[in-house]
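Peer 1: All chains should be built: construct the whole structure from the sequences, respecting the hints.
Those sequence lines, one after another, are chains Y and H. Reading the first sequence from the start, the letters are residues 47 to 268 in the numbering used here. Reading the second sequence from the start, the letters are residues 47 to 268 in the numbering used here.
It should be emphasised that the hints constitute simulated quantities derived from the structure, not laboratory data. Note that this is a predicted model, so its numbers are computed, not measured. The beta-carbon is built from N, C-alpha and C at its ideal position, and this holds for glycine as well. Incorrect hints may have been included.
Stated by the list, open to error - Incomplete in silico selection of chain H near chain Y, CB under 7 Å:
(1) 98
(2) 127
(3) 137
(4) 147
(5) 189
(6) 233
(7) 236
(8) 241
(9) 242
(10) 261
(11) 263
To be verified - From chain Y, some residues computed to sit far from chain H (all C-beta separations above 12 Å):
(12) 51
(13) 55
(14) 70
(15) 71
(16) 76
(17) 167
(18) 169
(19) 217
(20) 220
As the list claims (entries may be wrong) - Below, a list of computed lysine-lysine pairs in the PhoX-like style, where the Cα atoms sit at most 20 Å apart:
(21) Y/252 - H/220
(22) Y/187 - Y/256
(23) H/238 - Y/265
Number of protein chains: 2
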Amino acid sequence: MVDQLPNPGSTERTTNRRTDRTIVDREVLYKILDDSLVCHVGFVDEENQPFVLPMGFARVNDDLLLHGSTGSRLMRRIGSGIPICVEVTILDGLVLAKSSFESSMNYRSAVVFGKGKIVEGEEKSSFLISLTDKLAPGRSKEVRESTKKELAATLLVSIPLTETSIKVRIGPPKEAEEDLNSPVWSGVVPFKLIAQEPIEGDEISKTLEKPSSVAEIIKNYS
Amino acid sequence: MVDQLPNPGSTERTTNRRTDRTIVDREVLYKILDDSLVCHVGFVDEENQPFVLPMGFARVNDDLLLHGSTGSRLMRRIGSGIPICVEVTILDGLVLAKSSFESSMNYRSAVVFGKGKIVEGEEKSSFLISLTDKLAPGRSKEVRESTKKELAATLLVSIPLTETSIKVRIGPPKEAEEDLNSPVWSGVVPFKLIAQEPIEGDEISKTLEKPSSVAEIIKNYS
Chain Y
47 MVDQLPNPGS TERTTNRRTD RTIVDREVLY KILDDSLVCH VGFVDEENQP
97 FVLPMGFARV NDDLLLHGST GSRLMRRIGS GIPICVEVTI LDGLVLAKSS
147 FESSMNYRSA VVFGKGKIVE GEEKSSFLIS LTDKLAPGRS KEVRESTKKE
197 LAATLLVSIP LTETSIKVRI GPPKEAEEDL NSPVWSGVVP FKLIAQEPIE
247 GDEISKTLEK PSSVAEIIKN YS
Chain H
47 MVDQLPNPGS TERTTNRRTD RTIVDREVLY KILDDSLVCH VGFVDEENQP
97 FVLPMGFARV NDDLLLHGST GSRLMRRIGS GIPICVEVTI LDGLVLAKSS
147 FESSMNYRSA VVFGKGKIVE GEEKSSFLIS LTDKLAPGRS KEVRESTKKE
197 LAATLLVSIP LTETSIKVRI GPPKEAEEDL NSPVWSGVVP FKLIAQEPIE
247 GDEISKTLEK PSSVAEIIKN YS
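Peer 2: Here it is in structure tokens:
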């Protein structure tokens, strides 16, 4: 199935100017999406004003899943089939070259172009479980099932990963020829998103052991 | 000067549906922007296709500064005066309620609507120094000045902070009435972006003490 979809970077608007930062491997795309917790959804409103909204999301196979409130006008617009652009970026470090000009960031970024589709019925319940488990692995088994009322209040939108683009920068600074022997410190300050000590939400939770979903989050962000 | 600009959330499209998550304080806006390293720039191309691009940025007073390559078609478009939307989001934690439906994220997010303007001349040099020092405090004093060629290769775009919006979620999970006595662990797993041990970029740097800009980055992200 995966092999039938085009690779990242295979259309004109997904071709980057900086070919040294372009990757066309779908597994890399999956990893960038799976390592991200927040995506940035771009679209235009009825007056062609661009909007960018942050959203929690999940990837299931070759679909991105966004969810929001049925009451949200912008969320309904995202699901209405207009062209949208979803972007995620993981900042891996600040790159301090011997010059301002060559200084940069290390990052992994993915962009998805497509049209959103509202998901209903059984697929909706199963996709919402995937979303819960993406944000907190195994959490769906620790909490009760969602009620019909809760499901009805949730709008779920899927976007197929058919037109995508990846950009990655890794490694040390590149230096201008003239700076190669300059006695200025250069290097990378790596960054990592780290989970901190959990904070119980109520008195009952203080008497309970932390569930495995919390342990998984801490393990994944340590 | 600050007082003459409208507060966040003062126009129709910057008014959030969730009034409990809306903040209209400019100092909060500044702090969210200053605490972010990457912003997400939304705009449409000539065919009305929405794009979202990640970029390093800085705030100077009441302007956002974006920079890119003079050779980048999309960067030139961002500077051409079309409507754009810049969004930043800091993820502060995963909020695990006793139900999937009430589970959420803690975050601080800002959106800026406006039109970009290409900055030239003396203002360009001084703004680029601000950008360098935002990403690595004091770095502009540690490196050589940019050459004319480097300046010419850099496109600098400013966007005034006139129409903005802030959304913040903090604190413990909100629970559904029916779950208040449920023996399910609920709480928050806080997240923090943490700077890791710096990696020298060349042999010379291994013989040098780490500069104060690196110490500042580590202090700010610890």
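Peer 1: Does each hint fit the structure? Answer for all of them.
Peer 2: How the hints compare with the structure:
1. 98: holds (4 Å)
2. 127: violated (13 Å)
3. 137: holds (6 Å)
4. 147: holds (4 Å)
5. 189: Interface hint status for residue 189 of chain H: holds (5 Å vs cutoff 7 Å).
6. 233: For residue 233 of chain H, the interface hint holds, since the closest Cβ of chain Y sits about 4 Å away, which is under 7 Å.
7. 236: Holds. Min distance 4 Å.
8. 241: holds (5 Å)
9. 242: holds (4 Å)
10. 261: This interface hint is violated because 10 Å lies over the 7 Å limit.
11. 263: holds (5 Å)
12. 51: holds (20 Å)
13. 55: holds (15 Å)
14. 70: holds (19 Å)
15. 71: Per Cβ check, residue 71 of chain Y is outside 12 Å of chain H; nearest 20 Å; holds.
16. 76: The claim stands: residue 76 of chain Y keeps its Cβ more than 12 Å from every Cβ of chain H (closest is about 19 Å).
17. 167: holds (18 Å)
18. 169: holds (16 Å)
19. 217: violated (9 Å)
20. 220: violated (9 Å)
21. Y/252 - H/220: holds (16 Å)
22. Y/187 - Y/256: holds (14 Å)
23. H/238 - Y/265: The hint holds at about 14 Å.
Hints 2, 10, 19, 20, counting from the list given before, are not met by this structure.
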